[in-house]
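Undergrad: Please model the entire structure based on the sequences and the hints provided.
If you read the protein sequences in the order shown, they are chains A and B. For the first sequence, the numbering used here assigns the number 171 to the initial residue and increments by one for each residue that follows. For the second sequence, the numbering used here assigns the number 20 to the initial residue and increments by one for each residue that follows.
All clues given are correct.
Pairs of lysine to aspartate or glutamate, DMTMM-like flavour, derived with a Cα cap of 20 Å:
id, chain 1, residue 1, chain 2, residue 2
1, A, LYS597, B, ASP53
2, A, LYS575, B, ASP351
3, A, LYS597, B, ASP55
4, B, LYS355, A, GLU577
5, A, LYS454, A, GLU296
6, B, LYS355, A, ASP583
7, A, LYS237, A, GLU227
8, A, LYS191, B, ASP53
9, A, LYS575, A, GLU619
10, A, LYS194, B, ASP53
11, A, LYS191, B, ASP55
12, A, LYS237, A, ASP287
13, A, LYS455, A, ASP293
14, B, LYS355, A, ASP574
15, A, LYS209, A, GLU227
For the record, the hints were derived by calculation from the structure and aren't laboratory data. On a predicted model such as this, the values are computed, not experimentally measured, just so you know.
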Amino acid sequence: MFGIIDNIKKFYFTRGSIHPKQNKRTAPIMVFPGPNPEKVTIPLLQHTGATCEPLVEVGDRVLVGQKIGDSEAYVSAPVHSSVSGEVSGIINYPHPTGRDVLSIQIVSDGMNELSPDIKPPGDPFEMTPEEIRRAIREAGIVGLGGAAFPTHVKLAPPPEKPISTLIINGAECEPYLTADHRLMIERSEDIIRGALIIKRVLGAEGVIIAIEGNKRDAIQRMREAGQNEGIHVVALPTRYPMGAEKTLIRTLTGREVPSGGLPSDVGVVVNNVGTAAAICEFFKKGMPLVERIVTVCGDGVAGNANLRVKIGTLVKDIIDFCGGYVGKKGKLILGGPMMGLAQYTDTIPVIKGTSGILVLRYENLFVKEPAHFTCIRCGRCVRHCPMNLMPFAIGMYADVGIWDKLEQYNVNDCIECGCCAYVCPTKNPLVQLMKVGKEGLARRKKKIEELEKAVSGE
Amino acid sequence: MGNKAVAERQKKFDSKARISEELFHIGVSPHIRDRDTTTKIMGWVIIALIPLTAYSIYIGGLSTFIVIVSSLVGAVGCEYVLQRLMHKPVTINDLSAALTGLLLALTLPPRLPFWMPLIGGAVAIALGKQVFGGLGHNIFNPALVGRAFLFISWSKYMTTSYLDKPLAWVVNTSTIKSINAVTSATPLFAMSEVRKGALDIQASKYYLPLFFGNPWGCIGEVSAALIILGLIVLFAKRLIDWRIPVCYVGTVMLLSLIKGTDPIFSALAGGLLLGACFMATDYVTNPMTPWGKVIFAVGCGIVTVVIRFYSHLPEGVMFSILFMNGVTPVIDRFIKPRPYGVSKGGAKA
Numbered sequence: 171m172f173g174i175i176d177n178i179k180k181f182y183f184t185r186g187s188i189h190p191k192q193n194k195r196t197a198p199i200m201v202f203p204g205p206n207p208e209k210v211t212i213p214l215l216q217h218t219g220a221t222c223e224p225l226v227e228v229g230d231r232v233l234v235g236q237k238i239g240d241s242e243a244y245v246s247a248p249v250h251s252s253v254s255g256e257v258s259g260i261i262n263y264p265h266p267t268g269r270d271v272l273s274i275q276i277v278s279d280g281m282n283e284l285s286p287d288i289k290p291p292g293d294p295f296e297m298t299p300e301e302i303r304r305a306i307r308e309a310g311i312v313g314l315g316g317a318a319f320p321t322h323v324k325l326a327p328p329p330e331k332p333i334s335t336l337i338i339n340g341a342e343c344e345p346y347l348t349a350d351h352r353l354m355i356e357r358s359e360d361i362i363r364g365a366l367i368i369k370r371v372l373g374a375e376g377v378i379i380a381i382e383g384n385k386r387d388a389i390q391r392m393r394e395a396g397q398n399e400g401i402h403v404v405a406l407p408t409r410y411p412m413g414a415e416k417t418l419i420r421t422l423t424g425r426e427v428p429s430g431g432l433p434s435d436v437g438v439v440v441n442n443v444g445t446a447a448a449i450c451e452f453f454k455k456g457m458p459l460v461e462r463i464v465t466v467c468g469d470g471v472a473g474n475a476n477l478r479v480k481i482g483t484l485v486k487d488i489i490d491f492c493g494g495y496v497g498k499k500g501k502l503i504l505g506g507p508m509m510g511l512a513q514y515t516d517t518i519p520v521i522k523g524t525s526g527i528l529v530l531r532y533e534n535l536f537v538k539e540p541a542h543f544t545c546i547r548c549g550r551c552v553r554h555c556p557m558n559l560m561p562f563a564i565g566m567y568a569d570v571g572i573w574d575k576l577e578q579y580n581v582n583d584c585i586e587c588g589c590c591a592y593v594c595p596t597k598n599p600l601v602q603l604m605k606v607g608k609e610g611l612a613r614r615k616k617k618i619e620e621l622e623k624a625v626s627g628e
Numbered sequence: 020m021g022n023k024a025v026a027e028r029q030k031k032f033d034s035k036a037r038i039s040e041e042l043f044h045i046g047v048s049p050h051i052r053d054r055d056t057t058t059k060i061m062g063w064v065i066i067a068l069i070p071l072t073a074y075s076i077y078i079g080g081l082s083t084f085i086v087i088v089s090s091l092v093g094a095v096g097c098e099y100v101l102q103r104l105m106h107k108p109v110t111i112n113d114l115s116a117a118l119t120g121l122l123l124a125l126t127l128p129p130r131l132p133f134w135m136p137l138i139g140g141a142v143a144i145a146l147g148k149q150v151f152g153g154l155g156h157n158i159f160n161p162a163l164v165g166r167a168f169l170f171i172s173w174s175k176y177m178t179t180s181y182l183d184k185p186l187a188w189v190v191n192t193s194t195i196k197s198i199n200a201v202t203s204a205t206p207l208f209a210m211s212e213v214r215k216g217a218l219d220i221q222a223s224k225y226y227l228p229l230f231f232g233n234p235w236g237c238i239g240e241v242s243a244a245l246i247i248l249g250l251i252v253l254f255a256k257r258l259i260d261w262r263i264p265v266c267y268v269g270t271v272m273l274l275s276l277i278k279g280t281d282p283i284f285s286a287l288a289g290g291l292l293l294g295a296c297f298m299a300t301d302y303v304t305n306p307m308t309p310w311g312k313v314i315f316a317v318g319c320g321i322v323t324v325v326i327r328f329y330s331h332l333p334e335g336v337m338f339s340i341l342f343m344n345g346v347t348p349v350i351d352r353f354i355k356p357r358p359y360g361v362s363k364g365g366a367k368a
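TA: Shown next as structure tokens:
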């Protein structure tokens with residue numbers, strides 16, 4: 171099985187993907203410790219799932235690694251303090267996703283005193299999978315690739331779906347971002363160990379570490395680190411969106427996740443390299459997830475670097491640490507340029523899912539566009555869609571609001587990777603139309619359900 | 020669209036933003052875009068056609084030049100006037116009207132009176148494109164609509180205004196002289212005479228002239244080699260899908276072989292190559308999906324052969340493409356790619 175995988179050639183996956191300019195300027199630079207902020211703002215929602223309840227009150231003294239928020243819900247992950255100091259406020263605060271989220275503000279005392287609770291939870295290879303999962307939940311570990319799905323949920327697939335393959339995702343296909351790349355070079359042993367822990371929890375047969383072919387040094391390091399552990403390191407073709415879960419599974423295993431299903435339906439679980447490293451770190455030192463590596467990049471910021479940033483640090487502090495802005499303010503993007511979220515202000519905190527801070531200059535924002543977005547039916551969006559959808563048709567129907575048609579065109583399978591909008595020669599905002607379409611379809615379905623209920627209730 | 024227009028957009032954007040100095044700009048992802056635009060694509064297709072156009076002017080001289088220029092003026096002028104009249108933004112800068120005009124000229128005989136391509140260009144834009152709502156909304160290839168209009172209105176001009184005395188030769192051999200005996204007959208016409216028994220010429224004698232310099236026929240039929248050069252440019256820039264030209268020409272060759280005609284001659288003669296490379300591949304009027312394109316191209320091939328062999332017209336490329344343009348919406352409705360994670364029957368796997 172793995173012999174075939176090793177032979178994946180670059181041309182294998184050229185359809186349904188794009189190759190944007192890489193701009194991975196920070197790849198050769200070591201990861202730096204980030205700023206020591208005077209004040210951190212830690213949102214109680216940093217993951218996909220339920221918002222946590224605050225466990226501390228204003229005026230309390232908290233220490234590094236102390237749990238400050240938790241939730242009863244299964245799909246949720248606790249949050250921990252990343253500094254030691256005094257809680258100065260529990261307020262609704264702007265959040266990278268655009269809403270205001272209840273956040274805990276802590277004024278740092280600069281001591282970074284560790285909480286006494288921090289101790290290694292024991293040897294993971296002697297614990298039962300259930301104990302490991304519970305420990306991972308307590309550490310607040312979520313997927314560090316961007317979506318921030320709670321890892322303990324991901325590591326608990328239904329028992330009737332055995333997991334054959336664990337994929338550790340080091341593709342990092344987004345341009346500009348190099349956080350995972352540096353992590354793989356500097357902490358390759360940790361990633362391997364983390365992968366083995368995950369493998370044990372899942373009972374998976376094989377582990378594949380998938381890295382895009384443009385990171386030769388990382389592939390080399392990971393192969394060296396993993397050679398005695400039976401871990402396969404595979405060089406992927408350098409195409410975007412290679413690191414998207416579904417395309418990754420298709421490229422590596424030839425299997426397709428059913429529409430509306432999960433990777434576990436085809437016996438696969440995908441985890442980010444950052445997640446694996448965080449799990450290893452936790453079992454080594456007992457340190458919960460309180461900091462992460464963030465790529466600061468773009469032509470609008472003076473210094474480009476990879477920083478180990480405390481969660482809750484404001485983007486403003488990080489930019490100041492990197493030398494401030496250059497030129498006229500353009501876009502501030504959390505994440506990569508293809509799927510990242512543009513922010514209107516820099517007073518938002520870094521959260522667990524923030525893989526990059528990208529600042530684009532004002533002059534580079536405006537592409538030369540035609541007077542109006544008329545589709546010329548060139549078919550590029552169809553050719554480049556990794557999900558084999560027909561984005562032009564979905565965009566057309568979403569634009570005029572014919573929601574029923576959208577279901578026929580499988581709008582809900584769209585992963586919003588942005589390939590269609592990237593290649594569109596008329597610069598049609600296709601991703602936006604996809605989002606509009608998904609929401610419109612959901613609204614309409616809900617309405618139909620309500621109407622049916624009302625009719626049957628009579 | 021130049022830098023001035025970009026600056027204007029920025030200004031407009033600024034006036035809308037409340038505190039643009041304080042806040043960042045927001046927008047939906049992706050935040051980077053490919054540099055290709057509609058104008059660039061149209062420009063590259065025109066560039067791909069330039070060698071062919073230049074060579075046809077070299078062979079045909081002033082009359083060819085006049086036909087090309089008046090067709091361009093007709094198309095671009097009509098687009099400008101109509102868009103001004105309808106109070107719409109004028110989009111002649113996107114070069115699509117110019118491309119239509121050039122393509123129309125290449126399908127016309129070189130000795131037409133100047134007013135005819137002028138009308139043809141205007142009709143191509145007016146009836147072929149603007150009545151449907153402009154670029155991207157038309158059902159039929161505008162250039163071919165213009166040609167069909169001229170063909171039906173002045174069919175005598177359209178079938179006889181070929182060069183009587185070409186200015187230049189590239190393949191000046193005895194072959195040319197022997198073919199030249201049947202003056203002013205297009206190769207396809209000559210071959211249909213052969214099939215009737217009225218003439219006796221071997222089809223293979225036409226290979227070289229058709230490939231490098233064929234003065235008997237429409238402006239764009241002067242050289243198959245230059246059409247293929249243009250095709251290579253389109254492929255190199257990844258502007259068109261290989262399926263349409265290959266399947267179209269392949270179908271015609273195969274069916275011609277079955278009918279007992281020289282397949283290479285069938286591929287080179289008439290407007291087939293020009294039609295297959297530059298007309299059938301028009302984005303707006305062919306299906307979006309790979310398999311849809313195959314069906315479209317094979318359909319074009321079948322209709323072309325049917326018209327060539329079973330009708331009184333010697334050539335059928337124009338009507339076959341127009342016919343399949345009409346079928347395109349149906350193809351697009353039924354031929355869809357299988358989405359990821361959905362089994363072949365359409366049910367969720």
